[in-house]
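Peer 1: Chains as they are written, first to last, in our numbering: chain A, 1 to 411; chain B, 1 to 411.
A hint or two may mislead.
[As the list claims (entries may be wrong)] Under the rule of at most 20 angstroms between Cα atoms (straight-line distance), these lysine to aspartate or glutamate pairs were calculated in the EDC-like manner:
| no. | chain 1 | residue 1 | chain 2 | residue 2 |
| --- | --- | --- | --- | --- |
| 1 | B | Lys-374 | A | Asp-404 |
| 2 | A | Lys-374 | B | Asp-404 |
| 3 | A | Lys-374 | A | Glu-322 |
| 4 | B | Lys-374 | B | Asp-299 |
Keep in mind that the hints were calculated from the coordinates and are not lab data. In this text, all values refer to a predicted model and were calculated from it rather than measured experimentally.
Number of protein chains: 2
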Amino acid sequence: MAKPLAVSPLAVPFPAMGQIGGVRLATVAAGIRYQGRTDLVLMDFVAGTSVAGVFTRNTCPGAPIDWCREALAGGTARGLVVNAGNANVFTGRAGRETTHATAAAAASLLGCGQSEIFLASTGVIGEVLPHERITRALPALATGLTPTGWEAAARGIMTTDTFPKGAIRTVTIAGTPVTIQGIAKGSGMIAPDMATMLCFVATDAALPQAVLQTLLAASVDRSFNCTTVDSDTSTSDTVLLFATGTAGNPPVAGNADPALADFAEALDSLLLELALLVVRDGEGATKLVRIEVSGAVSDQSARQVALAVANSPLVKTAIAGEDANWGRIVMAVGKSGEPADRDTLSIGVGGTWMAREGTVVPGYDEAPVVAHMKGSELDIAIDLGLGQGAGRAWTCDLTHGYIDINGSYRS
Amino acid sequence: MAKPLAVSPLAVPFPAMGQIGGVRLATVAAGIRYQGRTDLVLMDFVAGTSVAGVFTRNTCPGAPIDWCREALAGGTARGLVVNAGNANVFTGRAGRETTHATAAAAASLLGCGQSEIFLASTGVIGEVLPHERITRALPALATGLTPTGWEAAARGIMTTDTFPKGAIRTVTIAGTPVTIQGIAKGSGMIAPDMATMLCFVATDAALPQAVLQTLLAASVDRSFNCTTVDSDTSTSDTVLLFATGTAGNPPVAGNADPALADFAEALDSLLLELALLVVRDGEGATKLVRIEVSGAVSDQSARQVALAVANSPLVKTAIAGEDANWGRIVMAVGKSGEPADRDTLSIGVGGTWMAREGTVVPGYDEAPVVAHMKGSELDIAIDLGLGQGAGRAWTCDLTHGYIDINGSYRS
């Protein structure tokens, strides 16, 4: 392994996490790939826990993704096993054997069906993940489960993340207090091999699986699906949401139930916080960038434009250089392929419009823009001047740190 | 301006270019942006020259692109004016005034209609290009036109290119010898601002505009459209092909005429040579990479997969690190969105298959692959195992040089 990475300058402290009724966690150093650190996490959920999941769109997913997609059809969860250091991707039949053996061992220990066990792996691709390293560590994990194990779990799933990531929300459903809390890992797709975004969220709310799945899919679409570090899509991206029901809130009558409004908003906000923690830990990142697009022909079109700007190496290197190079933003808007008209296009940075309706603003004063570019959190505004569609994306800058991290040999 | 860039380690010498009947060129230092170097080129074509053009797909193109698209409708060309240092992009009405004034001045000097004048500009975006700097230099250019001015022209259109780019082919059409030769510039989209790919090719063949346009579009599709440096699409990309007819070949009966076969093949080959010269001059490039995809459901699908791999920052940084990281190639195949099946996927480097049918090749010996990765020209092979579709793409690696070049301030 390469030498430890310096903590991202955009890191934020881990929050003081409490417990979620019906959830226990345990973390151990199983020696799967890393030495001298934890790398295996077991989560245990009370009987009756419903589960929702959203997975990578990569068409070459890892074996654990296949497993979870099948298990999700059952709708309930009793356990989650996550390892760091080996992604169990492109491992053929051996990969499938590892997922089956891991799920069988966990189900036996937790006294449930195998289809109630969820799996996630992150780390190197294309190396067989020997299931014995997991299964032999599971019994001790099962005896060490504790409701206070959240921060340890957040650390145990890290690969080349430079800080652990967690977030909490408390709201009410029909007057009953409920808590949502989650952990995430990811910093783009990191050397020495591919990394991945993993996110595990639990709530004590009582919510049926169908409601949970609809909520999660919508929230992921507004959070993780609006962020990018380097445009590369992991084979292992996984977001799972578990609802234990121990809060005892009254039943909800589907996703349109007004009693769910606060919960839905809190889930949105929590997932966005976790997604932005991942961007803050983007490889080599020194700046967190928000790109707001308005005036598009549709919301979907606005987001595509925002992502094209967020993924442009030339925009990202200009941001790293603190250069308010709006010419590159024009280029990225135009390369998105979405409807855009040069002559109605306006571009602003940090609240200052630099270009309006296809040309530089008369008397444009670069000073406030230059000052904004020197900060660690940047806002870029793009008004396409075509319609009412709006959307946003978040990214980080592209620096020498990215090349250092990703251009080194595996070892 | 930043200090001069070191010549790309992948540079090749400029060829000994002869003349093309009916073509004269002149180059001058007009002081448009650069100091102490040439930056303005005039090309003059004999009456009756037909012209074909292919332009950027960026939806926010520069004013010269708009001009050329209109002029192309006329089908004939008498002059071409190209400047380096200012792209005349996102300059609103002032940009249009500059194209009109430039074309009017050139038409007057060459004694032709304005619609027979073609224009291209490359350099900084969003700054007004004062047409006086061009128009006042044109008279001296017109008096200095010479058939031997090709290399000077290739140098005069450079922005942060580190070497001039040219290529030549000679073939016959129905027994008549004809020559094709062209120049190009580009090295991705370069600091201090956006660069661009420009390519100007002339032949003494007699070919009607419709035939020429069909030939050019097909050739560009197989060459420039298969190359990428950083996935960013310039607002100014332009390929123009001029046919003067001075070779006096017999008329051809449309694109299906067998007499055209050799010419078409030579044009393909010439444009690919020029396109690869641009990749060889990609910002920070130290390796030229060819990605061959086979077994896709269609040729189009194969090319999309090849381009997804070619554009992946993680693949490109791994190549820079001489790391045969096929896990990242799997990821990039999967992120392309094209039909792909992990379990029929094979990946090879330098003629050695590393992974076959979804997993590492038994007894895979990394030694020949590691040796190949250390070279300056790399081959990656991807067999999707699904169908008969084949395609390819070329790119360069992503190095600290790219960040150096693109992350610096404009000045």
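Peer 1: Quick check: which numbered hints come out false for this structure?
Peer 2: The structure conflicts with hint 4 only, although it agrees with all the remaining ones.
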